[in-house]
Amino acid sequence: DTAVSQTPKYLVTQMGNDKSIKCEQNLGHDTMYWYKQDSKKFLKIMFSYNNKELIINETVPNRFSPKSPDKAHLNLHINSLELGDSAVYFCASSQGGMARGSNYGYTFGSGTRLTVV
Amino acid sequence: QKEVEQNSGPLSVPEGAIASLNCTYSDRVSQSFFWYRQYSGKSPELIMSIYSNGDKEDGRFTAQLNKASQYVSLLIRDSQPSDSATYLCAVNFSSGNTPLVFGKGTRLSVIA
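If you read the sequences in order, they're chains A and G.
To get my numbering, take the position in the first sequence, counting from 1, and add 291.
To get my numbering, take the position in the second sequence, counting from 1, and add 690.
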């Protein structure tokens with residue numbers, strides 16, 4: 292059973308398009324995250340979210356928006372895609388809220404490789 | 691600014707040797723520290739966590755933490771070619787609700 296699943300695994304799209312990446316976790320965790328990993332393998336936080344609080348990294352363009360229909364899902368919607376958005380996007384989850392959850396490490400999904408052409 | 695620094699490598703060690711991976715962080719009040727392993731094209735997987743000063747051993751892996759020096763390391767004993775991967779250091783900078791901050795990773799190559 293996949294603990295944190297992301298779809299699609301690969302996404303190739305043209306500049307200017309709008310796309311979504313879906314993430315689901317079946318671990319019963321209450322906090323979910325989106326990270327972006329660039330070509331140099333640097334994992335950078337984009338969003339952290341639980342039922343009570345959304346934390347947005349201030350460097351993330353407002354073309355990116357998280358959407359959470361329930362605590363098992365955190366989708367990432369991207370408007371007006373740009374070449375620089377090409378990267379691997381990882382969803383992750385943890386238990387106990389952002390502070391306590393950070394004490395126990397995260398479980399990552401398999402990643403979505405986004406290529407903007 | 692919360693930062694986690696790692697030497698990007700590559701770090702090359704012969705099979706059977708001890709691989710030593712190092713990480714420094716910017717905030718003295720940080721509370722928890724993690725090492726993740728990431729194979730090429732795969733997602734990061736948690737291999738070690740450490741919260742207190744000193745050493746923590748798990749199989750061939752030993753994490754070492756020195757909060758006064760703001761330094762955390764990972765030792766891999768009897769390195770195997772299957773250990774070749776990128777190792778990511780992650781820190782919980784616990785000033786409020788903040789997610790883990792990752793270093794840029796060290797690429798380890800174990801040569802048979």
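Some hints could be false.
[Unchecked claim] Simulated restraints on C-beta separations:
| # | chain 1 | residue 1 | chain 2 | residue 2 | range |
| --- | --- | --- | --- | --- | --- |
| 1 | G | D768 | A | M306 | 31 to 39 Å |
| 2 | G | G749 | A | N353 | 40 to 48 Å |
| 3 | G | V719 | A | V351 | 19 to 27 Å |
| 4 | G | P704 | A | A363 | 44 to 52 Å |
| 5 | G | D748 | A | V303 | 22 to 30 Å |
Calculated from the structure, these hints are not laboratory results.
Note that beta-carbon positions come from the ideal geometry of N, C-alpha and C, so glycine has one too.
**Request:** Look at the Cβ atoms of G/P704 and A/A363 and judge whether their distance stays inside 44 to 52 Å.
**Result:** Given a distance of about 45 Å, which is inside 44 to 52 Å, the answer is holds.
**Asked** Holds or violated: 40 to 48 Å for the Cβ distance of G/G749 and A/N353?
**Response** 45 Å, holds
**Message:** A range of 22 to 30 Å was offered for this pair. Does it hold for the Cβ distance of G/D748 and A/V303?
**Reply:** Cβ of G/D748 to Cβ of A/V303: about 40 Å, so the range 22 to 30 Å is violated.
**Item:** A/V351 and G/V719 - C-beta distance against the hinted 19 to 27 Å
**Value:** 25 Å, holds
**Asked** In this structure, is the beta-carbon distance linking G/D768 and A/M306 contained in 31 to 39 Å?
**Response** This hint is violated: roughly 49 Å between Cβ atoms.
Hints 1 and 5, counting from the list given before, are not met by this structure.
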